[in-house]
Amino acid sequence: MAGLAFRQASVLEQREVRPGVFVLRVGGEFRAKPGQFFILRAWELYPFLGRPMSVFDLSQDSLSFAYAVRGEGTRAISRLRPGDKLWLLGPLGNGWTRAEGRVALVGGGIGLAPLLFTAKVFGPPLDIFLGFREEPFLLEEFPPFARVHVASERGGPPGVFPGLVSEMFEPHGHAAVYACGPQAMLEALYQKCRRVGVPLYVSLEERLACGIGACLGCTIFTKKGPARLCREGPVFLADEVFHGA
Amino acid sequence: MEPDLSVSLRKLRLPLPVMPAAGTFGFGEEYAALYELSSSLGALVTKTLTLRPRLGNPQPRLWETPCGLLNSIGLENPGLSAFVEEIFPRLLQFRLPIVVSVYGENVEEYGELARRVPREAAGLELNLSCPNVPGKPPVLSAEEIFSRVAAAREAWPGELWAKISPEGEWLSAAQAAEEAGADVVVATNTFRGMALDLERRAPVFSQPCGRPLRPGHQTPLSSHRVRALPGSAHSCNRLRWDQKRQGCPGVHPRWRPRRAGGNRQFLRSLGHPPHPPGNAGLAEKRRLKRA
Chain A
1 MAGLAFRQAS VLEQREVRPG VFVLRVGGEF RAKPGQFFIL RAWELYPFLG
51 RPMSVFDLSQ DSLSFAYAVR GEGTRAISRL RPGDKLWLLG PLGNGWTRAE
101 GRVALVGGGI GLAPLLFTAK VFGPPLDIFL GFREEPFLLE EFPPFARVHV
151 ASERGGPPGV FPGLVSEMFE PHGHAAVYAC GPQAMLEALY QKCRRVGVPL
201 YVSLEERLAC GIGACLGCTI FTKKGPARLC REGPVFLADE VFHGA
Chain B
1 MEPDLSVSLR KLRLPLPVMP AAGTFGFGEE YAALYELSSS LGALVTKTLT
51 LRPRLGNPQP RLWETPCGLL NSIGLENPGL SAFVEEIFPR LLQFRLPIVV
101 SVYGENVEEY GELARRVPRE AAGLELNLSC PNVPGKPPVL SAEEIFSRVA
151 AAREAWPGEL WAKISPEGEW LSAAQAAEEA GADVVVATNT FRGMALDLER
201 RAPVFSQPCG RPLRPGHQTP LSSHRVRALP GSAHSCNRLR WDQKRQGCPG
251 VHPRWRPRRA GGNRQFLRSL GHPPHPPGNA GLAEKRRLKR A
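If you read the sequences in order, they're chains A and B. First residue of the first sequence: 1, per this note's numbering; consecutive thereafter. First residue of the second sequence: 1, per this note's numbering; consecutive thereafter.
Heads up, some of the hints might be wrong.
[Unchecked claim] In the DSS-like style, the derived pairs of lysine-lysine whose C-alpha atoms are separated by at most 30 Å in a straight line are:
#, chain 1, residue 1, chain 2, residue 2
1, A, K120, A, K85
2, A, K223, B, K136
3, A, K192, A, K33
4, A, K192, A, K224
5, A, K223, A, K192
6, A, K224, B, K11
What the hints contain is simulated information worked out from the structure, not anything from laboratory work.
Between the sequences and the hints, there should be enough to build the whole structure, so can you do that?
Here it is in structure tokens:
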């Protein structure tokens, strides 16, 4: 964490990829590991806290975040336009480390946010499984080497699995599974992975305040003891945080 | 020439008039990665420690409000023994006065904590007002404050602080702490508040705490908009020492480090975005609503 500080950056691009879902690209040279996140602050006093967002994509001169508007903070971020300034603190958290062999990345809804950068850094062989409640989004961003399997609760054209991504996904044949999304999806994936002995790494979500491990606002209880989501997480081995059925 | 910003508390001289409130800053090690602590703080006040390790409260622990943050951490800490053996030696490298904050469940625990805190610590803060401990009231009576401070005073020869609640008979509490031998009264711990989840028709925080309105659902609010205690400047004059009027900068909501070069400059030096003073938060909220 040496040299960590809030850093000002300029917005290069803001795209609304579907109603309420945005991709924000900011300029600058950044470093991050897959699964790490930044805290974004585009205001001075209100809202009180910055907003944590995982790295969607990273290039030599820009950093992107994919996010859904959920409250006043994300709404304020969605109103940023090219040239506007914001502050970033990061990269924060532990991130994912690739296992040897074929791996699977599983995302639910906006939980796909950390998976694009992860796929690019991990490289083949990997499979991607994405689940959506309604219309899928951001599929075109994923690299061609990744086989993207899509599920939608609303159904869709041929090739789209009508149902939950946790119903579509089978962990057989994967050395490890990396997942981000709603808690129910993660727990369902855990039950499947546990049965066949495939390790599942989950990226969890809690309300964060300081982002650096000082305030203990994001502590969760793992089988190894209390763990701060922003320091020891947000990625955990599912065996440590979920209980078997 | 560097201006002299040092301030004196009763026995302790701080090189700068700024220090974190206990619990907001961990043990300082995380923030040491963001900036040089010795040139930014007058003292380091640790996370509150208890005799035995505490896991703290389950999630959710935080709830953002338009004017601050409700928290329900529940005194998560590794316990005094682990602190003394592993953490405290590392803190000495910061070359800062270290004030150790402690919480006891009863009078005897305060005495034992005071005996076991390393004598190299610059001060001992008694947390007499944690609003987040299940089954324990955040507001102690003057008699309870007196007995706890007196037990610690007997065992701790150095600078002794008493951190009191802003609720209840806080002036009596401060006077009791003073009579029992506290050098400084820290005004104050957080105010309690409540967040309601309208969809679930239930309070957000489920963990019982202190002295609730309905069992279990008030949690403390940390805010830059909470005003000073009513009449505090006047009332504090009834205490004996000038130092007490200073409050504790880290927890004093009205304190503005203007004499230290202005709030904005200070926050920038910590690597934070510049926060405008005054009502900028509200103005920003109105602007957002209009947009």
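Against the structure, the hints:
{"no.": "1", "hint": "K120(A) <-> K85(A)", "in the structure": "27 Å, holds"}
{"no.": "2", "hint": "K223(A) <-> K136(B)", "in the structure": "27 Å, holds"}
{"no.": "3", "hint": "K192(A) <-> K33(A)", "in the structure": "27 Å, holds"}
{"no.": "4", "hint": "K192(A) <-> K224(A)", "in the structure": "22 Å, holds"}
{"no.": "5", "hint": "K223(A) <-> K192(A)", "in the structure": "20 Å, holds"}
{"no.": "6", "hint": "K224(A) <-> K11(B)", "in the structure": "42 Å, violated"}
Figure legend: structure checked against the earlier numbered hints; the only hint not met is number 6.
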